[in-house]
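Protein chains: 2
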Amino acid sequence: MLQYETLNEYRALMYARKLKDMFGKNAQLVCREIGDGNLNLVFQITDKLSGTSIIVKQALTYARVVGESWPLTLDRARIESQALIIQHSICPGFVPKVYHYDPIMAVTVMEDLSNYLIMRKGLAARKRYPHFARHLGVYLARTLYLTSDFALPSQVKKKKAAQFTNPEMCKISEDLIFTDPYFNSETNQFNPLAAERIEEIWNNNPLKLEVAKLKAGFLTHAEALIHGDLHTGSIMVSEEGTKVIDPEFSFYGPVGFDIGVVFGNLLLSFVSHGGHTQDAPERNYQAYLLATIEQIWGYFEQTFRELWEKESKERMTIVPGLLDSYLLHVLEDCAGYAGCEMIRRIIGLAHVSDLESIADPNLRAEGEKLALSIGQKLVLERRQIQDIKDVTCRVSEIAGYGTNQ
Amino acid sequence: MLQYETLNEYRALMYARKLKDMFGKNAQLVCREIGDGNLNLVFQITDKLSGTSIIVKQALTYARVVGESWPLTLDRARIESQALIIQHSICPGFVPKVYHYDPIMAVTVMEDLSNYLIMRKGLAARKRYPHFARHLGVYLARTLYLTSDFALPSQVKKKKAAQFTNPEMCKISEDLIFTDPYFNSETNQFNPLAAERIEEIWNNNPLKLEVAKLKAGFLTHAEALIHGDLHTGSIMVSEEGTKVIDPEFSFYGPVGFDIGVVFGNLLLSFVSHGGHTQDAPERNYQAYLLATIEQIWGYFEQTFRELWEKESKERMTIVPGLLDSYLLHVLEDCAGYAGCEMIRRIIGLAHVSDLESIADPNLRAEGEKLALSIGQKLVLERRQIQDIKDVTCRVSEIAGYGTNQ
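So the protein sequences, as listed, match chains A and B.
Heads up: the first sequence begins at 1 in the UniProt record's numbering, then just goes up one per residue.
Heads up: the second sequence begins at 1 in the UniProt record's numbering, then just goes up one per residue.
Just chain A, same shape as in the assembly (with noise of 0.2 angstroms):
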């Protein structure tokens, strides 16, 4: 293709049937539109014959939110195709493979997965996956080192890190994860009953302090190539293996930052938990995600220590007492994204299905409310926090389960 067009079924199916090494001669494809269209088409492209498929993925010049066209860069196909190669090349069995990048056309083509789910709907579905805090602390653990000063020669760090400069898609994060929420803006959207607790969101000036201080890190702290966008709904899933999606707002940011959105995230399906009734399935489940994160925390922590340990170029980690204070700066770090991350969603433009799918909007905003009590209170004291049974202990608290779960 000479100019970008945008795809549809039966063009998906063109382009397909015209890439090398792919499919057989005899190939017999069928394409199937499997996205939600929002600000990337994805086509699902199968050989009946064979049985082989894949996926065509194409970033749209817009978004199309609350109705509205908005404006995107279509560069986020190459971040996202180059963070996906990089990634895939360091954690092998928890990214996508992908097959080829089309820079014109601001197409991905990609592994197919739809043997897995996304994570938010499993989570919605109160599903336990035995392996998803081992993979994904072993993810994080892997693509954050391993981009990291600590694991790179500088030089080549800092070439990654130009390369994977991506200020559109920061932008949008910039706006709507740190600042929008924190005044009365017109991108905000949120629950009228619970108008009263955000607006005491708004007039709580340390707070605020302590989110511009975390957009500051956000828009300083080049510490390794970070996903950028890790919620639920990035991650998929089976009985057996995860794997990590749709790195478009990928540049090297905060390590925290990744662990910090995933952990908001499980808290958002918390609270949500939460908010229908108190009967013990949920409060289980509740346990259940806690002790997710525990697990993340931990299998992220024991992984990056041995690589550490193994895989260090920098000649400043054999320091006594580096490693531990680079996690102790990692875990407050996280803490205050993941806070950041849950205020947003209820604030903010951009919601999670987790919160609304309540149907009632006085048991919506009962579960918004917490949200944003936990949110809080991790952004506050994230300073405090040693461990990570300090934050899981600080949500239990708040919850009203006492510290032991």
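Derived from the structure by calculation, the hints contain no laboratory data.
Each hint should be verified, as a subset may be incorrect.
Listed next, the in silico SDA-like pairs over lysine to any residue satisfying Cα-Cα at most 25 angstroms (straight line) [stated by the list, open to error]:
1. Lys-160(B) / Ala-162(A)
2. Lys-159(A) / Ala-162(B)
3. Lys-310(B) / Phe-183(A)
4. Lys-213(A) / Asn-203(A)
5. Lys-159(A) / Ile-104(B)
6. Lys-160(B) / Thr-317(B)
7. Lys-213(B) / Cys-170(B)
8. Lys-159(A) / Ile-85(A)
9. Lys-48(A) / Gln-28(A)
10. Lys-213(B) / Gly-321(A)
11. Lys-121(B) / Asn-362(B)
12. Lys-160(B) / Lys-313(B)
13. Lys-159(A) / Gly-298(B)
14. Lys-213(B) / Pro-153(A)
15. Lys-159(A) / Thr-61(B)
16. Lys-159(A) / Trp-70(B)
17. Lys-160(A) / Cys-170(B)
18. Lys-20(B) / Ser-89(B)
19. Lys-213(A) / Gly-298(B)
20. Lys-213(B) / Cys-91(B)
21. Lys-313(A) / Ser-185(B)
22. Lys-121(B) / Gly-241(B)
23. Lys-389(A) / His-131(A)
24. Lys-213(A) / Leu-307(B)
25. Lys-243(B) / Cys-91(B)
Put chain B on the given structure of chain A with help from the hints.
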């Protein structure tokens, strides 16, 4: 020129003659090499007819250090000229004007400053410059604030950060400032009479841990377009004016670094004056140096606060407390980087003439050990520092002057 060739006085003169709009038709040009010829060639070209003069500066492909040839990227000439152009537009009086940049020849043609003296030489001669503290404070505030995320739209800042990716030059600083001096490295060079004190530093794990954290900040905190090598040899002074030159180490780094390097070098001058005798004029000059540090910070802070009030584009800058908290963070970094600069100039590869010029090695060792003690204290106690006086009082204390000088 179609390819790089090293200039000499004749070639530099021919080069200057071809520049458009620089000299009149009948100009009578003379050329003189005035650089130290270590990293760059610096030619002064004067029209004897009009008296007009310019500087033609060419980056060499190597550095002559310890008699060896050390390959160096020519891209630093691009970095230097582009940084000078930005700094001149932000801070016209305090940076030489660039007339022309030639990427193939790695040549920058700029304003001649031959009526200015290198600051380090003025300090050695115990000169006092009545406007220097104000000029430098304003230069630091304007160049740092106006290239930061506070003043620039985040997309613009990110593109500038990518443009000023400067991996080779940063690597030199990472090694020579933050790493080599803390181990028994081959590049180190030091006075054997200070060896015992230096071994204490190599065995001081708490110090090395704090240096490792400061190094991590240098590697990852892309706060502003910093000069990157703001020692007193990069500052030129006259009775009336101050010019900051040679930003070939420029990149997006921590705001506290530039200020810290200036302070570190003023304190290296401080210890050099204490290294001779204990007479009153020397003590007076040392008091002048400490007062200068306090004044630079004072003007920096005042100007930074004014800019924050008037020029902020970042919306979170209206949050109460953010400015105070940010300035405290800068002061903390500044103290730490000042300490690192002092230590590396005693143990590492690149020394300063302030101390090297002391002929008696015993007397020199006294100054060097004092520099190490001050540097170490600033690194280790930087988090207790709340005010610039907390820096200067610590210096006075260690130098045995009590807290009131």
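Against the structure, the hints come out as follows:
1. Among the hinted pairs, Lys-160(B) with Ala-162(A) is consistent with the structure: their alpha-carbon atoms are about 10 angstroms apart, no more than 25 angstroms.
2. The straight-line distance between the Cα atoms of Lys-159(A) and Ala-162(B) is roughly 9 angstroms, inside the 25 angstroms bound, and the hint therefore holds.
3. Proximity of Lys-310(B) to Phe-183(A) is assessed by CA-CA distance (about 21 angstroms); at most 25 angstroms being required, the pair is judged to hold.
4. Proximity of Lys-213(A) to Asn-203(A) is assessed by CA-CA distance (about 17 angstroms); at most 25 angstroms being required, the pair is judged to hold.
5. Using a Cα cut-off of 25 angstroms, the hinted pair Lys-159(A) and Ile-104(B) holds, with the two alpha carbons roughly 22 angstroms apart.
6. A C-alpha spacing of about 21 angstroms is found between Lys-160(B) and Thr-317(B), which places the hinted pair at or below 25 angstroms, so the restraint holds.
7. Proposed proximity of Lys-213(B) and Cys-170(B) is supported: the alpha carbons are some 16 angstroms apart, at most 25 angstroms.
8. A C-alpha spacing of about 16 angstroms is found between Lys-159(A) and Ile-85(A), which places the hinted pair at or below 25 angstroms, so the restraint holds.
9. Restraint check: the Cα-Cα separation between Lys-48(A) and Gln-28(A) comes to about 5 angstroms, which is no more than 25 angstroms; the hinted pair holds.
10. Of the pairs offered as hints, the one joining Lys-213(B) and Gly-321(A) holds, with about 10 angstroms between alpha carbons and a cut-off of 25 angstroms not exceeded.
11. Restraint check for Lys-121(B) and Asn-362(B): the C-alpha separation of about 23 angstroms stays at or below 25 angstroms, so the hint holds.
12. Of the supplied pair hints, the one linking Lys-160(B) and Lys-313(B) holds, its CA atoms being roughly 16 angstroms apart against a limit of 25 angstroms.
13. Between the alpha carbons of Lys-159(A) and Gly-298(B) the distance comes to roughly 37 angstroms, so the proposed pair goes past 25 angstroms and is violated.
14. At roughly 17 angstroms between alpha-carbon atoms, Lys-213(B) and Pro-153(A) fall within 25 angstroms of each other, so this suggested pair holds.
15. Simply put, Lys-159(A) and Thr-61(B) have alpha-carbon atoms about 21 angstroms apart, close enough for the 25 angstroms limit, and the pair holds.
16. Between Lys-159(A) and Trp-70(B) the alpha-carbon distance is near 22 angstroms, which keeps this suggested pair within the 25 angstroms criterion.
17. With a CA separation close to 15 angstroms, the supplied pair Lys-160(A) and Cys-170(B) stays within the 25 angstroms bound.
18. Between the alpha carbons of Lys-20(B) and Ser-89(B) the distance comes to roughly 22 angstroms, so the proposed pair stays at or under 25 angstroms and holds.
19. For the given pair, Lys-213(A) sits about 24 angstroms from Gly-298(B) by alpha-carbon distance, which is consistent with the 25 angstroms threshold.
20. For the hint pairing Lys-213(B) with Cys-91(B), the CA-to-CA distance comes to about 31 angstroms; that exceeds 25 angstroms, so the pair is violated.
21. Note on Lys-313(A) and Ser-185(B): the hinted pairing holds, with a Cα-Cα distance of about 16 angstroms set against a maximum of 25 angstroms.
22. Straight-line distance between C-alpha atoms of Lys-121(B) and Gly-241(B) comes to about 16 angstroms, which keeps the hinted pair within the 25 angstroms bound.
23. For a cut-off of 25 angstroms, the pair hint linking Lys-389(A) to His-131(A) stands: about 21 angstroms separates their Cα positions.
24. For the suggested pair Lys-213(A) and Leu-307(B), the alpha carbons sit about 19 angstroms apart, so the restraint of at most 25 angstroms is met.
25. Between Lys-243(B) and Cys-91(B) the alpha-carbon distance is near 10 angstroms, which keeps this suggested pair within the 25 angstroms criterion.
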